[in-house]
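Trainee: These two chains come separately, so use the hints to put the complex back together.
In order, the protein sequences belong to chains S and B.
Start counting the first sequence at 1; every next residue gets the next number (the numbering used here).
Start counting the second sequence at 354; every next residue gets the next number (the numbering used here).
It is possible that part of the hints are untrue.
DEER-style ranges, computed between Cβ atoms [said to hold, decoys possible]:
| hint | chain 1 | residue 1 | chain 2 | residue 2 | range |
| --- | --- | --- | --- | --- | --- |
| 1 | S | G35 | B | R631 | 28 to 34 Å |
| 2 | S | Y199 | B | L701 | 34 to 40 Å |
| 3 | S | G35 | B | M630 | 26 to 32 Å |
| 4 | S | N323 | B | L595 | 36 to 42 Å |
| 5 | B | M630 | S | N246 | 47 to 53 Å |
| 6 | B | A730 | S | D236 | 33 to 39 Å |
| 7 | B | M630 | S | D236 | 29 to 35 Å |
| 8 | S | V125 | B | G382 | 56 to 62 Å |
| 9 | S | G35 | B | L416 | 51 to 57 Å |
| 10 | B | Y393 | S | R148 | 44 to 50 Å |
| 11 | B | G716 | S | R148 | 42 to 48 Å |
| 12 | B | T552 | S | K46 | 49 to 55 Å |
Under the rule of at most 27 Å between Cα atoms (straight-line distance), these lysine-lysine pairs were calculated in the DSSO-like manner [to be verified]:
| hint | chain 1 | residue 1 | chain 2 | residue 2 |
| --- | --- | --- | --- | --- |
| 13 | S | K151 | B | K607 |
| 14 | S | K151 | S | K46 |
| 15 | B | K420 | B | K571 |
| 16 | S | K182 | S | K200 |
| 17 | B | K741 | S | K151 |
| 18 | B | K420 | B | K568 |
Treat the hints as calculated values from the structure; they're not laboratory data.
By construction, the Cβ of each residue, glycine as well, lies at the ideal position given by its N, Cα and C atoms.
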Amino acid sequence: MTTLPFIGSILAPQRTAARAQKILLYSSALLLCIGVAIWLVTAFIKNPTLFLTSTVVGLQNGALYALVALGYTLVYGIIELINFAHGDLFMLGTLFAAFITTSVFGVLSNGASVAGWFIFAVSLVACVAFCGSINVAIEFVAYRRLRRAPKLAPLITAVGMSFILLFIGLTWNGSQPLANWKSVLPQGAMFLGGVRIEYKAFFVIGITGPLLLLMTWIVTKTRTGKAMRAVAQDQDAARLMGVNVNRIISFTFALGGGLAGAAGLLYEQVIGTTVYNLGFQLGLIAFTAAVLGGIGSLTGAVLGGVLIGLIKALNEGVGLGQNWGETVVFTILILVMVFRPTGLLGSSLGEKV
Amino acid sequence: MAADLATVTPPVRPERRLRIRPGMGWPLGLLVAAVVYFIYAYLDRYFRGSIPSGLHNFGTDWLPIIKINEALVYVLAALGLNVVVGYAGLLDLGFVAFWAIGGYTAGWLMTDKISGLNFHFLTAKFTDDHKIVGIHISWWIVLIAAALVCALAGVLIGAPTLRLRSDYLALVTLGFGEIIPEAFYNGDNIAGHNLTNGTQGMQPLDYVRFFTFDKTGKLVWGDLDAFADISRFFIFCGLTALVIFASLRLRDGKLGRAWLAIREDELAASSMGVPLMRTKLSAYGIGAVAGGIAGAAFAVHVDAVLPDRFRFDISITLLAMVVLGGMGNVWGVTIGALVLAWTNSTALPNIQSSLDESGSANGVGIGLAVLGVLVLAAGIAWFVSARKGLIFIYLGVMIATIGILLRIKGPGLSFQFFVFGCVLLLMMLFRREGLIPEARTRLVLREPGRTEAEALGADMEAEAPELEALSDPIVHAAGTTPTGPTDRTTL
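Next up, chain B with everything else stripped away, as it sits in the complex (with noise of 0.2 Å):
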């Protein structure tokens, strides 16, 4: 949608002063994101002086970089689930075994693991703690390996199961997000042999040869150490911008457009001539790409593969941050993804250590615990006046529980599940589009059954401004947010 806008010329505003290329808002704000916090993370490490107390200690407490990076490690993942999920509309419940699979590739290559072959190529020096047996290539060549590791194990792993139905088809990529880090678990012992070391993992890894400083702040080539989390939340956001600039332009593409076609009517597209099964195969290879990436990011951020860290949880979280920001919007994605990675990492504990910390947790249980009786009072009233404003009675009705949960458990209580579960059942009621939505999939997900659409008849001749946005993208793009009687299907 983006990119179809920007070749729009835009109405002219002489009252605006900064005028910004529709469609570049976000690459620029999120480009801006990253430059300010990378100067921040910089004068942080190399010049503590020059930094203010507060904000530093704000830095360390609430934006520490080592879980920046991890959020980057989520944001990679979830714009590839973003070409599954949100391009092609296939449920991929076990995204988190091309994580694993990425992860487990970067580990052969990069550690001294295949101790039989004695290969180095383009490699990093080597320390005491890094033997010199075993296959070490540069990072940057594994990350193409990965990659292309992952494209395979997708195509393998779809061709058999692609035709199922869709709710099947989720249900088998879960179970190999299952069988996959399982058999990596178990890896220790495949008839004899030992192919992934078991719960031990392997670690650890090669360093990275990039820019990097030394210790005095300098920018040198180097090997980017245990330390060295500046040189890799550059490399990271350098990954994101490729993954992004890559999603759109397939997006905008003739595969991206069959996806779209599929993912909106698999039987008129096929109709129309898209190959289902080699497209769908394709969203599966190219979102397996992206994953593969994600998990070579993750095993160098980390240093080290170990199989626990690929649950089934992560394949959720990461299907939360795709539809929490909007399926199909890779700035939605992005932003939902860190926004969701930073809260589950950062936030929660934060508060919760704070809450522990302070002693607080009673009085913020009953506040909250009225809050939320409030909130549920004021839903109801308008629910039964109006038979509006039914999200405030959900609402209302979550806050009280976390409030009176806080208030007898104490503040040792993980609300972690909650709150996520919280945000699919509201994002899926309240708002399936997502947080920042794509025009298109508001519409598509908007658009009422087959048989409600029937039942109300000539309702359904009634203008569609949504539509008329669309057509009408100059409208669109001055910010005009399309309203109108499609809220009716929601309640």
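So that you can see chain S by itself, here it is in the shape it has in the complex (with noise of 0.2 Å):
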């Protein structure tokens, strides 16, 4: 625009406007950002023990937040694609984790031993491969067809996969919430200057822990993940340099369901109870935490849903209460969308044209 000036000149009024409308942005911005920390500090001071118990509920919560998160996130940098069954496929897991450890294994009791953990392990596998192999089977069938329709088809596309699996886990399950599984975890908790930290915490960051690690190997050292950055930048151009486009898009599906499975492992083992239309709500959760960190960003979906997991429980433990749960959750997605578009850590992320 400084080349050419006369554009400029005409153009001048409404840059300052932009300016404007910039700074009273950021402006607002930062009174909000001032406003939650003042809020923080004084719950805080005001009760100490709850938050730090809050806070520890966050981070567990968050670690199984930013598992979903990934699969989105994932998929959305590869195609575009908000996948709205994600969230329904993450269900499925649970059901399918509760499935494998009571009717299969037969755990009927709670606490932990060396079957248990035998038992764990090999329903961590089964589950992924479970969840894996209906993502890729989903994009297969519905979205593969669909991959130079306009946004709007597959989107949608992907709202109607996301009834057919709520469909097949109301067959599953029936359409009251199923109670009372019983893991295989180690129970209790221990106090820490009276906060309480339960061990199953320790052990759901145990393992999302090496999972996240795993996933960014894969994506940044593998010749695979060379493969799936190449797709996501240009299909192609990507082709022409001799990648298998269409098999890349289904190891990304596979590794996001993948990652689903192993979430609805851990939701099943520690909060014990899931109902058919969970996976909506917690895939929303999810997705706003995708976008928070910066969707297509591996770490920035870490950072998401640890951050929404930590924004929720503190809203439940010292905030408004968990009737005001989604609005809190979404109010934050809308401000993100409106002041950061690109999230925390996304890169620019301009309209191809």
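Mentor: See the structure below:
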């Protein structure tokens, strides 16, 4: 614009208006952040035990959200599709985990044992394989033929697919939440200066951390990961370079589905209850996490997941309460969209012309 | 499209006795259907003897007037969503927010909720269960108020978010569709104030004043009580006609053409001088107006405003109506909304209960499973031999699934989610333009992506009958369905 001064002069009033708008945006964002910080500090001073307990719960849930959010971010990164069915895939993962631990292995009481660890490991592999293959099948049946279609078409297809998965969950489990599944994880909690920390929380973070590292290693270090990044940048160029685009996209869906399966098992073991429409809620939260961190960025999805988990737990513990849970999450989503559409860690996402 | 064609003189065809001007088929057909149903409902209510008992039973089971009224409310909302999704191409997954806002506006202005104020205006006479306190305003004015409030809400929601990419926008609207009902749900304690009565909602509403029928079926001017379904049917039909007319006129005007331009290519449209933000915002606001009217109409239809009626399902149902009927085509959306609402509220429960009563769920299940397998086999054979007929494979699997589950689980299982999901999936995979498409939408949605077009190269130079049909409206108006090599892009 600087090279064309006459256009610059025509646009000058608009530019100052845009600058004023920008200043307004940033100052309101700053005010918002300061307000949230003050609220957090007062909540901490008022009741530090409750605050820290909520924080631990938030970290534990945040790890689960991060696992689901990675599935969104991987798929969005490679074919620019908001995979609405992903949350429901996670729900199927929880149902499958319950099926395999109670019906196949017959876990009928709580408590950790050597057999319990073995059962957990086998269930983890089974859940990852189950959800991964379902996700690949969904891609093959529904999304593959719409890769060249206008964006609205795959998005609506994903909504339809989510309904079909919802139906599968409803048929499998009935409309009532099925509670009281027994866990093979260590029970009980430790107290650290009055702050209650469940052993499960360590466990969730202990499983999630290595999985995320594995994911980062696959995407950044392996040959397949390189191909994934190439396909994400330009499918046609990648094809010309000899990348099998269909297989790479299927592999991405398998990775995302596998993470949803792992999250499903952890959720079933830690929370112990699930219902057929769980996926919709949790999927939206996870997607919000992915967007908050910057969609397409793996680290961003993890950061966003943990942040959303913390915010949700703090809101329930010391904030507005559970009734307003969704409002808080979606308000964050909308604020992020307005102030920083690329998310916290995302790079600029210019609309491809 | 339809109104464009109305100005074209149709070719002279003396062999047809009844000649309908092109573009007038849908309005006349719907008008006739509404009049016939109105006469049936009137005779059935007040002159039962004149209706054969078979027809009466059929009507009570399959076309109850309460469900028809509800379907009309869905039509109103779907037409509003059509402005946003079909005309302007902005995906809105939270349209239920406007429905809720319209409903609560009616609740505040027509019940005893706001008991501190005592304000009456042109309202109906009060019976025992209607308290005198609170704001009571005639429903006809509330209708306008709800529309204005929703338009304002649409602009407020749209203003900060409409500059987002299309799929982000879908998510933000979804967020608003969750926040607003939750706010109403928890609204009984906002900083200690009770604004919405929470889960109890607000009821009863004031009666609407309009022409109605007394006990002998005589036309009188009076209050529409709980039994005045026929009058409400008349009012809802009138509102639907108004919204359809407004949609059609808007579409042909300057604003409508700007919407279509944005839908088809945002960049090109803005280069041609279409103000993006203002045009998108107006689509949002005008769509919200219809949503608000639907909300106020729904409130008097159920005589209550309850927060648990505003769920995400309704947003998706409305979207499915728009997609099924044909995005952007008002008649398609109307038919799609009527059919889906009726299927949802009447047909599926009826089929289920008749399966329950007759105990034939097993037999029907086996029959459907066999039919599904046959369709699947035919589809596979066709696909292997000619690379065609993929839709039959999908259909076969779906029918067989329903059949097998009916056999195993019995008729207690609700197939609503499955049917909805399959409708969305099949429509997007095989008929993206909807059942009653608009020629223009078909062209856009079937347009191959850029790289594919480049890959096809010289093929793209081939004849395009659809384009010819567009430039030669007489052929199109005479009912020639354009078919052609565009099928290539679907397989």
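Trainee: Hint by hint, note whether the structure agrees.
Mentor: Here is how each hint holds up against the structure:
1. Checked against the given bound of 28 to 34 Å, the beta carbons of S:G35 and B:R631, roughly 32 Å apart, stay inside it.
2. Separation of S:Y199 from B:L701 is about 47 Å and departs from the stated range, judged on CB atoms against 34 to 40 Å.
3. The beta-carbon spacing between S:G35 and B:M630, approximately 28 Å, falls within the hinted interval of 26 to 32 Å.
4. S:N323 and B:L595 have their C-beta atoms about 38 Å apart, which keeps the hinted 36 to 42 Å range intact.
5. Distance hint check: the CB atoms of B:M630 and S:N246 are about 39 Å apart, inconsistent with the given range 47 to 53 Å.
6. Distance hint for B:A730 and S:D236: a CB-CB separation of about 37 Å, consistent with the stated range 33 to 39 Å.
7. Range check, B:M630 to S:D236: Cβ separation about 33 Å, and the 29 to 35 Å hint holds.
8. At roughly 59 Å, the beta-carbon separation of S:V125 and B:G382 lies within the given 56 to 62 Å, and the hint holds.
9. Checked against the hint of 51 to 57 Å, the pair S:G35 and B:L416 passes, with Cβ atoms roughly 56 Å apart.
10. Roughly 48 Å separates the CB atoms of B:Y393 and S:R148, a value that falls within the hinted 44 to 50 Å.
11. A hinted range of 42 to 48 Å holds for the C-beta pair B:G716 and S:R148, which are about 44 Å apart.
12. Between B:T552 and S:K46, the C-beta spacing of about 30 Å breaks the proposed range 49 to 55 Å.
13. For a cut-off of 27 Å, the pair hint linking S:K151 to B:K607 stands: about 26 Å separates their Cα positions.
14. Proximity of S:K151 to S:K46 is assessed by CA-CA distance (about 49 Å); at most 27 Å being required, the pair is judged violated.
15. A distance of roughly 24 Å separates the Cα atoms of B:K420 and B:K571; the hinted pair therefore holds under the 27 Å criterion.
16. A C-alpha spacing of about 13 Å is found between S:K182 and S:K200, which places the hinted pair at or below 27 Å, so the restraint holds.
17. For the suggested pair B:K741 and S:K151, the alpha carbons sit about 25 Å apart, so the restraint of at most 27 Å is met.
18. A C-alpha spacing of about 22 Å is found between B:K420 and B:K568, which places the hinted pair at or below 27 Å, so the restraint holds.
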